[in-house]
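Q: Below, each chain spelled out in residue letters.
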Amino acid sequence: MAQLSSRRSGEIYGKLLYLYPTRYRKRYAQPMTQTFDDMLAGEPNHLARMAIWGRALVDLPASAAKEHLTNGVDMNMGRNLKIIIGGVIAALVIGNIASFWVGNLHARRTQGIQQVSVAQLADAMQQDGFYSSYGDATVLFTATVASTQQNNGVTLATFVTGRPYAVTCQFTTPVSVGQTLGVAAPGGSAERQTKGVLLHGCAKTS
Amino acid sequence: MKRIYNQLPQVAFGILLALSLKERHGYEIIKQITEDSDGKIKLSPGALYTSIKQLNEQGLIKEVEHTEDIRRRYYRLTEAGKKVLGHEVAYYRTSVELARERRILEIGYGTTI
Chain H
1 MAQLSSRRSG EIYGKLLYLY PTRYRKRYAQ PMTQTFDDML AGEPNHLARM
51 AIWGRALVDL PASAAKEHLT NGVDMNMGRN LKIIIGGVIA ALVIGNIASF
101 WVGNLHARRT QGIQQVSVAQ LADAMQQDGF YSSYGDATVL FTATVASTQQ
151 NNGVTLATFV TGRPYAVTCQ FTTPVSVGQT LGVAAPGGSA ERQTKGVLLH
201 GCAKTS
Chain Z
207 MKRIYNQLPQ VAFGILLALS LKERHGYEII KQITEDSDGK IKLSPGALYT
257 SIKQLNEQGL IKEVEHTEDI RRRYYRLTEA GKKVLGHEVA YYRTSVELAR
307 ERRILEIGYG TTI
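Sequence lines, in order, name chains H and Z.
Using my numbering, the letters of the first sequence map in sequence onto residues 1 to 206.
Using my numbering, the letters of the second sequence map in sequence onto residues 207 to 319.
Hints may be right or wrong, so weigh each one.
[To be verified] Simulated pairs of lysine-lysine, DSS-like, Cα-Cα distance not exceeding 25 Å:
1. K228(Z) / K259(Z)
2. K259(Z) / K15(H)
3. K237(Z) / K66(H)
4. K259(Z) / K26(H)
5. K268(Z) / K288(Z)
6. K66(H) / K228(Z)
7. K268(Z) / K237(Z)
8. K15(H) / K26(H)
9. K288(Z) / K248(Z)
10. K259(Z) / K66(H)
11. K248(Z) / K259(Z)
12. K268(Z) / K248(Z)
13. K248(Z) / K15(H)
14. K228(Z) / K289(Z)
15. K246(Z) / K66(H)
16. K289(Z) / K237(Z)
17. K228(Z) / K248(Z)
18. K228(Z) / K246(Z)
19. K289(Z) / K268(Z)
20. K268(Z) / K26(H)
21. K268(Z) / K66(H)
22. K248(Z) / K237(Z)
23. K15(H) / K66(H)
24. K237(Z) / K288(Z)
25. K228(Z) / K268(Z)
26. K259(Z) / K237(Z)
27. K66(H) / K26(H)
Worth flagging that the hints you see were computed from the coordinates, not collected in a lab.
Between the sequences and the hints, there should be enough to build the whole structure, so can you do that?
A: In structure tokens, the structure reads:
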């Protein structure tokens with residue numbers, strides 16, 4: 001974007017002004033494009049020009065929407081304009097979803113939350129990789145209770161893993177055999193057992 | 207012209223303030239607002255001309271032609287615009303004086319003035 005010539009930038013910016021209502025565009029498109037050209041010409045630095053573009057791309061849909069709301073939506077807009085508006089709305093929706101997804105992933109990584117399967121937990125303990133993989137994390141998983149056992153007021157629930165190793169969780173709330181649960185547990189609290197792993201401090205998330 | 211104080215949005219106030227010294231075109235207004243706000247407000251043409259349109263419709267600024275620079279449109283304050291700007295500035299001056307009297311800025315609300 002920084003490599004665009006000033007003329008080309010002005011042309012692209014001018015096309016984007018089709019987002020505005022026709023009457024507004026007829027009156028202000030020329031001075032807006034001229035002002036945008038002046039702003040780019042006034043910045044010798046590529047990064048500064050990119051920042052101008054960035055601000056313009058954020059500002060344009062907002063101010064165009066404001067003009068449409070102020071003056072009523074221009075029903076005579078051409079097919080190309082409808083495509084542009086549709087594209088901008090789609091881009092904003094996709095952008096929001098993508099930023100939420102990236103943010104969620106980032107939060108999970110930086111906050112040490114890992115979504116896993118119960119089979120992964122069983123395999124990790126069997127292969128001596130449990131603590132290195134999940135020792136600093138809170139693990140989230142969904143599993144079905146295969147059996148339960150009461151022990152000093154807590155419930156020990158063993159899940160169906162389909163693996164040689166078992167995964168057992170310690171709950172302070174009752175759980176039933178056959179129940180499918182969402183579970184959160186601190187990986188650091190895991191205790192190795194003869195053929196399985198016992199997770200202390202488990203909480204039901206669903 | 208009777209007008210309630212402090213009705214102008216920040217950008218509109220910035221435009222009137224930028225035009226208080228002389229007629230300016232869009233880019234000059236943007237630069238002046240950036241300078242006046244100590245770099246905190248960086249406008250794009252979209253926001254600028256939305257406000258220019260409103261101020262124009264309210265009769266606070268007027269478009270003028272410069273024969274030596276026909277590519278750009280210049281704007282200047284109207285008499286009504288000067289009055290409104292005066293009222294706004296008076297409002298802010300009163301607010302700042304009140305803030306000083308109440309020592310608001312010395313007890314943790316921000317920088318001192």
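Q: Evaluate each hint against the coordinates.
A: Hints versus structure:
{"no.": "1", "hint": "K228(Z) / K259(Z)", "result": "holds, 19 Å"}
{"no.": "2", "hint": "K259(Z) / K15(H)", "result": "holds, 20 Å"}
{"no.": "3", "hint": "K237(Z) / K66(H)", "result": "holds, 24 Å"}
{"no.": "4", "hint": "K259(Z) / K26(H)", "result": "holds, 13 Å"}
{"no.": "5", "hint": "K268(Z) / K288(Z)", "result": "holds, 12 Å"}
{"no.": "6", "hint": "K66(H) / K228(Z)", "result": "violated, 29 Å"}
{"no.": "7", "hint": "K268(Z) / K237(Z)", "result": "holds, 19 Å"}
{"no.": "8", "hint": "K15(H) / K26(H)", "result": "holds, 13 Å"}
{"no.": "9", "hint": "K288(Z) / K248(Z)", "result": "holds, 24 Å"}
{"no.": "10", "hint": "K259(Z) / K66(H)", "result": "holds, 12 Å"}
{"no.": "11", "hint": "K248(Z) / K259(Z)", "result": "holds, 19 Å"}
{"no.": "12", "hint": "K268(Z) / K248(Z)", "result": "holds, 23 Å"}
{"no.": "13", "hint": "K248(Z) / K15(H)", "result": "holds, 22 Å"}
{"no.": "14", "hint": "K228(Z) / K289(Z)", "result": "holds, 16 Å"}
{"no.": "15", "hint": "K246(Z) / K66(H)", "result": "holds, 23 Å"}
{"no.": "16", "hint": "K289(Z) / K237(Z)", "result": "holds, 24 Å"}
{"no.": "17", "hint": "K228(Z) / K248(Z)", "result": "holds, 20 Å"}
{"no.": "18", "hint": "K228(Z) / K246(Z)", "result": "holds, 22 Å"}
{"no.": "19", "hint": "K289(Z) / K268(Z)", "result": "holds, 14 Å"}
{"no.": "20", "hint": "K268(Z) / K26(H)", "result": "holds, 18 Å"}
{"no.": "21", "hint": "K268(Z) / K66(H)", "result": "holds, 22 Å"}
{"no.": "22", "hint": "K248(Z) / K237(Z)", "result": "holds, 8 Å"}
{"no.": "23", "hint": "K15(H) / K66(H)", "result": "holds, 18 Å"}
{"no.": "24", "hint": "K237(Z) / K288(Z)", "result": "holds, 20 Å"}
{"no.": "25", "hint": "K228(Z) / K268(Z)", "result": "holds, 12 Å"}
{"no.": "26", "hint": "K259(Z) / K237(Z)", "result": "holds, 19 Å"}
{"no.": "27", "hint": "K66(H) / K26(H)", "result": "holds, 17 Å"}
Hint 6 from the earlier list is the only one contradicted by this structure; the remaining hints agree with it.
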